[in-house]
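There are 4 protein chains.
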Amino acid sequence: MIKAGIIGSTGYAGQELVRLLLQHPQAEIVWYGSRSYVDHKYEEVYRNMFRIVDSRCLDDNMEELSKQADVIFTATPQGLCASLVNEEILNRAKIIDLSADFRIKDVKVYEKWYGILHKSPEYIPEAVYGLCEINREDIRKARLIANPGCYTTCSILTLYPLVKEKLVNPHSIIIDAKSGTSGAGRGAKLPNLFCEVNESIKAYGVTSHRHTPEIEEQLGYAAGEEIRINFTPHLVPMNRGILATAYADLKPGVTEEQVRAAYEAYYGQEYFIRLLGSGVYPETRWVEGSNFVDIGFQLDERTHRIVALGAIDNLVKGAAGQAVQNMNLLFGLPENTGLQLVPVFP
Amino acid sequence: MIKAGIIGSTGYAGQELVRLLLQHPQAEIVWYGSRSYVDHKYEEVYRNMFRIVDSRCLDDNMEELSKQADVIFTATPQGLCASLVNEEILNRAKIIDLSADFRIKDVKVYEKWYGILHKSPEYIPEAVYGLCEINREDIRKARLIANPGCYTTCSILTLYPLVKEKLVNPHSIIIDAKSGTSGAGRGAKLPNLFCEVNESIKAYGVTSHRHTPEIEEQLGYAAGEEIRINFTPHLVPMNRGILATAYADLKPGVTEEQVRAAYEAYYGQEYFIRLLGSGVYPETRWVEGSNFVDIGFQLDERTHRIVALGAIDNLVKGAAGQAVQNMNLLFGLPENTGLQLVPVFP
Amino acid sequence: MIKAGIIGSTGYAGQELVRLLLQHPQAEIVWYGSRSYVDHKYEEVYRNMFRIVDSRCLDDNMEELSKQADVIFTATPQGLCASLVNEEILNRAKIIDLSADFRIKDVKVYEKWYGILHKSPEYIPEAVYGLCEINREDIRKARLIANPGCYTTCSILTLYPLVKEKLVNPHSIIIDAKSGTSGAGRGAKLPNLFCEVNESIKAYGVTSHRHTPEIEEQLGYAAGEEIRINFTPHLVPMNRGILATAYADLKPGVTEEQVRAAYEAYYGQEYFIRLLGSGVYPETRWVEGSNFVDIGFQLDERTHRIVALGAIDNLVKGAAGQAVQNMNLLFGLPENTGLQLVPVFP
Amino acid sequence: MIKAGIIGSTGYAGQELVRLLLQHPQAEIVWYGSRSYVDHKYEEVYRNMFRIVDSRCLDDNMEELSKQADVIFTATPQGLCASLVNEEILNRAKIIDLSADFRIKDVKVYEKWYGILHKSPEYIPEAVYGLCEINREDIRKARLIANPGCYTTCSILTLYPLVKEKLVNPHSIIIDAKSGTSGAGRGAKLPNLFCEVNESIKAYGVTSHRHTPEIEEQLGYAAGEEIRINFTPHLVPMNRGILATAYADLKPGVTEEQVRAAYEAYYGQEYFIRLLGSGVYPETRWVEGSNFVDIGFQLDERTHRIVALGAIDNLVKGAAGQAVQNMNLLFGLPENTGLQLVPVFP
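Chains as they are written, first to last, in numbering that gives the first Met the number 0: chain A, 0 to 345; chain B, 0 to 345; chain C, 0 to 345; chain D, 0 to 345.
These are calculated hints, taken from the structure and not from any lab test. The structure displayed is predicted, hence computed values, not measured ones. Treat the hints with care, since some could be wrong.
Copies of the same chain are indistinguishable here, so a pair counts whether it falls within one copy or spans any two.
[What the hints assert, rightly or not] Capping the alpha-carbon separation at 25 Å, the derived lysine to any residue pairs in SDA-like fashion look like this: (1) LYS250 <-> ARG301; (2) LYS163 <-> GLU62; (3) LYS40 <-> TYR203; (4) LYS163 <-> GLU269; (5) LYS2 <-> LEU274; (6) LYS104 <-> GLY78; (7) LYS40 <-> GLU269; (8) LYS188 <-> GLU43; (9) LYS188 <-> LEU332; (10) LYS188 <-> ALA126.
Build out the structure end to end from the sequences listed, making use of the hints.
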């Protein structure tokens with residue numbers, strides 16, 4: 000059994016990680032970290048866990064935790080993982096960081112978009128960007144995984160084959176994304192109150208959302224050049240789910256067949272990526288509770304653009320599910336161990 | 000492997016049954032019945048099943064189905080199961096009927112409340128009311144299980160120890176229940192449109208809902224006498240969940256300790272019933288996606304009444320989950336096989 | 000023009016009061032009080048008011064306000080109005096208090112249920128309980144109006160004719176109420192976050208909600224004796240609306256005709272009370288945005304009980320609308336001035 | 000008083016028209032047309048109208064209606080208005096058509112996108128596209144108004160000054176729009192059931208939605224050339240509201256000041272258009288129930304694009320409110336008569 004510790008287990012992503020690990024046949028949770036709820040029973044913080052989890056919350060002593068665990072998940076605010084990690088810890092346990100601390104290779108870009116000083120830039124080079132379908136081989140050998148953001152996972156996977164195969168102009172990319180409210184976290188903030196979110200939709204972080212450079216970096220690798228994109232997130236009155244609607248100019252002469260072939264080439268064998276048929280577009284309800292990414296697309300002859308759409312559950316493939324997928328890779332398990340979840344509908 | 004067939008697999012309860020059986024380690028689905036979608040691919044009716052279910056929908060030929068399956072689930076409108084069942088079928092396969100056809104022992108009561116003629120009253124006597132926590136032993140030996148209604152499961156389990164132990168006056172019982180909209184089914188009806196349900200709450204079937212006699216019969220057995228209750232269902236703008244708020248006059252001198260002891264005596268060993276602590280009341284979000292029943296209560300010294308509350312997921316413990324629980328009993332499996340589902344939140 | 004000041008104008012009830020007074024032909028707002036947002040532009044706190052309200056928020060100096068206003072609305076937490084009111088203020092301006100400070104005649108009951116010391120019990124006797132349909136004449140002559148609670152307005156109006164005409168046993172009354180989330184206020188609290196409220200229903204304050212003694216007192220006046228009732232509020236995932244489902248034992252021999260006649264006698268001429276036809280029950284969607292109370296009922300021959308149901312918009316008839324109705328009475332205007340609002344659907 | 004008749008008064012747009020006209024000081028409704036509900040009491044179709052509307056539904060005899068009414072609103076499926084209109088009717092009454100029949104000047108384009116034959120193309124030339132802020136003067140003189148679509152109203156108004164002033168490349172325009180579910184109409188269709196829409200977001204009509212050519216035509220007039228755009232609508236689990244997020248390449252050197260000046264020049268005096276301040280973006284909740292259009296924008300220096308966002312209530316400014324605004328213009332009333340509605344929040 001893999002012994003897993005979670006720092007930040009009482010946020011929504013942390014709790015989803017608990018749910019997934021509890022149902023994982025080869026992992027057990029040994030540490031429910033939560034700075035805000037130290038000594039509280041976990042089942043009192045999340046009453047769905049009543050009589051399922053019998054533990055109390057612990058602090059974020061990563062030093063001690065690394066002695067007890069084989070893998071540490073940090074589902075914490077930006078900056079915390081970078082401030083705690085060190086050589087000893089990394090030698091004892093694998094770290095899967097769900098924050099952004101090790102996602103961006105250029106520390107200056109990180110510090111500019113996140114507005115904080117990076118406390119351990121020396122570990123950035125070795126950190127592997129944990130988008131399993133793209134970086135599978137590197138992940139297997141890593142000590143430190145930078146688990147991708149929710150919007151980024153959905154956006155990159157939706158566009159990757161198009162960019163990689165140079166079917167679109169990467170500088171023309173515009174991503175209009177929509178997220179359920181669990182993405183905003185469990186903080187008690189006025190804008191996240193039921194009556195403020197319900198019956199409304201809004202954009203936020205227009206031209207300035209922090210997932211932008213992460214998408215640009217990863218799609219830039221695929222394109223083989225630096226790119227700048229537009230990314231606009233929106234808040235939707237639902238609990239879970241991300242839908243990314245991406246637009247790009249097609250290279251001259253590109254056909255639907257070529258596009259489909261590219262998606263098939265990259266994703267045809269992927270368990271978690273479901274390429275939808277012609278004329279079918281993803282809807283977040285069909286992936287809820289699962290680690291699937293549903294992808295569909297439509298070429299527009301009139302404008303010579305492609306509209307590519309992807310849907311994920313932001314807490315699963317966008318956070319906890321992908322983290323478990325990374326854990327499976329790190330420990331040599333079949334990648335979908337504990338993740339063969341049938342989406343819950345309605 | 001238990002071979003399972005589902006008649007009515009494209010309703011919400013039928014689809015939930017598919018989800019649960021797909022994740023059941025000892026069952027496989029051999030027949031996706033759906034009168035409305037014969038020959039359609041199941042994954043096109045429910046796109047969450049894309050690349051998970053590869054079958055096409057079949058008709059409701061129970062004769063043929065009984066030759067292929069060990070157990071038949073009928074998740075169909077009232078009257079269908081009663082019109083199809085016969086001795087040969089029952090000798091070949093177990094039947095778990097999710098409709099009301101075999102729930103009520105007095106066929107006249109059934110015919111009055113449901114307004115239809117019962118086509119096979121000869122099987123009513125042998126049918127076992129499949130409320131597992133109450134009728135476990137009888138279920139193991141049955142050929143025909145009448146799977147309880149969603150409101151009834153929640154209402155009866157919430158009140159059973161109080162009535163059985165004569166802690167309350169059973170004639171004083173009032174149940175005010177609230178259900179998510181999946182309980183209304185997948186029929187394309189104006190009252191179930193998003194804009195008609197959203198942002199509103201209403202009562203329906205006031206004094207006349209069909210689950211009333213079912214609750215009365217079962218609680219009557221517990222009371223040892225015929226009883227009449229008030230039951231009022233309400234429609235809530237959410238997908239899943241039932242909350243039953245039940246009121247009853249306490250017998251003189253009954254204390255909180257006695258009440259808690261009664262609940263503990265009946266439910267203390269039950270895997271699926273979670274008795275909440277003092278001052279904690281059930282919320283549907285904490286059971287969503289699981290087979291749990293959460294129960295809490297509060298004595299009111301001022302009025303000498305008790306308020307007992309229960310919450311279930313209407314599609315799981317209120318339908319498909321309980322049906323699988325019954326299947327497990329019928330086939331000698333541990334009762335929670337395939338049902339150790341962690342509730343999904345948020 | 001009536002000059003109106005609002006203390007607590009940035010809560011949900013306060014903001015609804017702003018909306019209604021802005022559309023009132025004979026009132027103008029001269030003071031947008033808000034302790035939390037002093038000096039902020041009101042339109043930045045509520046962006047629906049952008050370019051409609053040009054004022055900045057002021058503090059809660061009731062002394063000064065009473066010199067500028069003809070009527071003061073206090074939409075503030077319990078205790079504040081009682082701590083500010085004095086003889087000079089009352090001589091200068093009418094006060095309509097939306098808090099509970101002056102609703103309960105027995106100060107000991109108030110202090111017990113609310114857990115705070117009443118700062119000005121000397122004004123309790125003269126305060127008039129502002130349930131317009133019941134206390135219309137007293138309201139016209141008052142200086143200080145105790146505007147009823149949201150649950151209480153709905154509950155009392157639903158039951159009043161039954162109790163007053165002794166058609167039911169008042170000691171048997173059970174009220175099971177359901178409220179939209181705006182009733183929980185605009186405070187940034189975890190239980191009111193979107194993801195915590197959405198897709199769930201729960202009871203709260205079981206046997207202990209503060210509106211209980213208020214309902215008991217008012218229905219007690221109607222009954223001519225002290226009564227104790229059960230009242231259970233529930234939180235529903237919707238913005239607005241209260242539905243009260245009330246149960247009571249019918250006095251022997253009471254018929255549907257008698258019940259309907261009683262409702263007609265008391266409410267037949269009321270503009271804001273809409274008595275629904277036989278077999279029709281209220282739904283909150285049909286009153287949203289309006290000051291209407293929709294009432295329906297059903298006798299149950301089997302149990303000799305009545306189920307009476309009422310629906311209001313908690314922010315209108317349950318708070319701001321009723322406050323304006325009281326203002327109209329205080330200033331000799333037709334009671335529905337500025338309140339002839341067509342419910343907004345969907 | 001203007002005598003108004005409505006054909007199609009029992010759809011969501013028709014009902015909203017009823018709500019607005021009931022509160023209009025200079026209009027009265029003389030004809031509640033509804034092919035589906037002929038002879039039904041209107042208040043039984045929409046119970047919010049109980050005791051407010053006392054009429055029964057009539058058929059769609061436009062001939063007869065034109066003798067009784069000064070203005071006829073057709074809130075009907077595509078093709079109906081075109082099949083009924085004739086010279087006599089137009090000479091007797093003004094027609095405001097909420098369908099698409101007269102919105103597109105090129106009948107071939109209409110017939111291609113809508114897939115039906117136009118029954119009275121001879122009236123297309125004289126029909127005025129009823130986007131009041133753009134075509135105000137022509138509307139005053141018209142007999143036949145083509146009331147714009149909901150997505151189109153929001154999209155065109157959001158982009159008009161940018162295109163008209165040549166601040167952006169019109170061929171680069173991409174509009175990603177999100178709509179509440181009332182836009183899907185009141186038909187009893189499976190995809191519009193509560194459980195199918197709730198907790199999900201999806202795109203639909205990708206590259207093929209019928210509002211596309213309407214936007215292209217109107218923005219083409221502004222651009223002075225034919226343009227092709229991408230328009231992608233999405234369904235959001237909320238009742239009302241449209242948010243349009245529009246992207247376009249800025250012409251070289253265009254500054255935020257120039258953009259703001261352009262919006263101010265066109266909209267500075269408009270009652271219904273609220274240009275938001277820098278860094279503030281529209282949210283549908285702030286316009287709900289009102290005829291406002293909230294517009295905000297953000298320049299992106301990194302990509303040299305602009306993101307312009309607009310929000311409306313799809314049933315008001317996107318349908319019934321704009322229809323009343325057109326009526327006001329047709330009859331020489333101040334444009335906001337009966338439309339000074341404060342948005343309802345929450």
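Given a CA cutoff of 25 Å, do LYS250 and ARG301 count as a within-copy pair, a between-copy pair, both, or neither?
-> both (14 Å within a copy, 22 Å between copies)
With identical chains treated as interchangeable, where does the CA-CA distance between LYS40 and GLU269 reach 25 Å or less: within a copy, between copies, both, or neither?
-> between (39 Å within a copy, 22 Å between copies)
Given a CA cutoff of 25 Å, do LYS188 and LEU332 count as a within-copy pair, a between-copy pair, both, or neither?
-> neither (40 Å within a copy, 41 Å between copies)
Is it within, between, both or neither when you check LYS2 against LEU274 at 25 Å Cα-Cα?
-> Intra 34 Å, inter 30 Å, cutoff 25 Å: neither.
What label fits LYS163 with GLU269 when the C-alpha limit is 25 Å: within, between, both, or neither?
-> Result: close within a single copy only, 17 Å intra versus 48 Å inter.
Is it within, between, both, or neither for LYS163 and GLU62, if the alpha carbons may be no more than 25 Å apart?
-> neither (41 Å within a copy, 54 Å between copies)
How do LYS40 and TYR203 come out at 25 Å by Cα distance, when the copy is not named: within, between, both, or neither?
-> between (35 Å within a copy, 22 Å between copies)
Using 25 Å as the alpha carbon limit, work out where LYS188 and ALA126 are close: within a copy, between copies, both or neither.
-> neither (33 Å within a copy, 37 Å between copies)
Should LYS188 paired with GLU43 be assigned to within, between, both, or neither, using CA atoms and 25 Å as the limit?
-> both (21 Å within a copy, 17 Å between copies)
Within, between, both or neither: LYS104, GLY78 at alpha-carbon 25 Å | within (15 Å within a copy, 56 Å between copies)
Violated hints, listed in ascending order, are 2, 5, 9, 10; each of the other numbered hints is respected by the structure.
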